[in-house]
Amino acid sequence: VCAQALPNDRHKTIASHVMTGASHVTVNFDLCIEHCLPTWLHNRVVHLHGIYDSTTVDDLGARLSTIATGLSPIFTQKLTDLLMSARGLVFLGYSGSDYFDINPFFRSLANRCINLAHLHVIWLKHADCPPLIQRLLPYLPGWPILKPLYDSGAAITYLEGDAGLFLQELARAWLLQPTV
1 VCAQALPNDR HKTIASHVMT GASHVTVNFD LCIEHCLPTW LHNRVVHLHG IYDSTTVDDL
61 GARLSTIATG LSPIFTQKLT DLLMSARGLV FLGYSGSDYF DINPFFRSLA NRCINLAHLH
121 VIWLKHADCP PLIQRLLPYL PGWPILKPLY DSGAAITYLE GDAGLFLQEL ARAWLLQPTV
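Per the working numbering, residue 1 is the first one in the sequence shown, and the count goes up by one each step.
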């Protein structure tokens, strides 16, 4: 199923951003973003839980035996390096409920004295309405990730609204070419 997934406008917009020099971190298993990119840029898309197709099941990171031990040291370093070098981090349509690997990584930021004062984080919870800023509260999706980012100095904006509309606005702000 994942190997046959076709890219949509959101994948194309993210790929356009990657083509400007950005990196993209995803927990999705498909290669839809890569299908919109030249091969030499595929390494700018990081799949934290691996990629699924019928030939790489052993490489799939979202197996209980794999996630139970947390992120690998390689992914921990790669994600830390990305956070340290990025000015912005956008969580788009992510549940924030990867309790065994992703959430512990973010909880570890303070213990590792990671200073993220340079980073602006946007979390978008999808809803069928125009994106609106919400007050960040402990019961909201994403709190286990956003709280450690905030404690490490990052500025946080929490939005609830249509992910497609948000991504269109973000693409305009990034000065990307329209994908439709």
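Just so you know, these hints were derived from the structure itself, not from any lab. Fair warning: this is a prediction, and the values are worked out from it, not measured in the lab. Note that CB positions come from ideal geometry on N, CA and C, so glycine has one too. Some hints could be false.
25 Å max Cα-Cα, derived SDA-like pairs, lysine to any residue [as the list claims (entries may be wrong)]:
| hint | residue 1 | residue 2 |
| --- | --- | --- |
| 1 | K125 | W40 |
| 2 | K147 | T20 |
| 3 | K78 | T20 |
| 4 | K78 | S152 |
| 5 | K78 | P131 |
| 6 | K125 | G164 |
| 7 | K125 | R107 |
| 8 | K125 | P38 |
| 9 | K147 | R107 |
Per label pair, the in silico range of CB-to-CB distance [unchecked claim]:
| hint | residue 1 | residue 2 | range |
| --- | --- | --- | --- |
| 10 | S23 | G153 | 34 to 44 Å |
| 11 | L136 | L6 | 14 to 24 Å |
| 12 | N111 | Q177 | 38 to 48 Å |
| 13 | H118 | W174 | 15 to 25 Å |
Inset, instruction - Take the C-alpha atoms of K78 and T20, compute the straight-line distance between them, and say whether it is at most 25 Å. - result: 20 Å, holds
Inset, instruction - Take a quick look at whether K125 and W40 sit within 25 Å of each other, Cα to Cα. - result: Roughly 32 Å between the alpha carbons, so the hint for K125 and W40 is violated.
Inset, instruction - Mind checking the hinted window 14 to 24 Å against the Cβ distance between L136 and L6? - result: Check failed, 35 Å falls outside 14 to 24 Å.
Legend entry - Proposed proximity, R107 with K125 (alpha carbon, max 25 Å): The hint holds at about 21 Å.
Legend entry - Hint consistency between K147 and T20 [alpha-carbon to alpha-carbon, up to 25 Å]: 30 Å, violated
Inset, instruction - Compare the distance between the alpha carbons of K125 and G164 with 25 Å, and conclude whether the hinted pair is satisfied. - result: Given pair K125, G164 holds - Cα atoms ~12 Å apart, limit 25 Å.
Inset, instruction - Measure nothing beyond the straight line between the CA atoms of K78 and P131; if it is 25 Å or shorter, mark the hint as holding. - result: Measuring from Cα to Cα gives roughly 30 Å; hence the hint is violated.
Inset, instruction - With 15 to 25 Å as the target window, see if H118 and W174 comply at their CB atoms. - result: Holds, at about 18 Å.
Inset, instruction - Mind checking the alpha carbons of K78 and S152 for me, to see if they're no more than 25 Å apart? - result: Holds, because 18 Å separates the two Cα atoms, which is no more than 25 Å.
Legend entry - Satisfaction of hint between P38 and K125, Cα-Cα up to 25 Å: Roughly 30 Å between the alpha carbons, so the hint for K125 and P38 is violated.
Legend entry - 34 to 44 Å as the expected CB spacing between G153 and S23, which holds or is violated: This hint is violated: roughly 20 Å between Cβ atoms.
Inset, instruction - Check the following: the C-beta atoms of N111 and Q177 are separated by a distance inside 38 to 48 Å. - result: 42 Å Cβ-Cβ, so the 38 to 48 Å window holds.
Of the numbered hints listed earlier, those contradicted by the structure are 1, 2, 5, 8, 10, 11.
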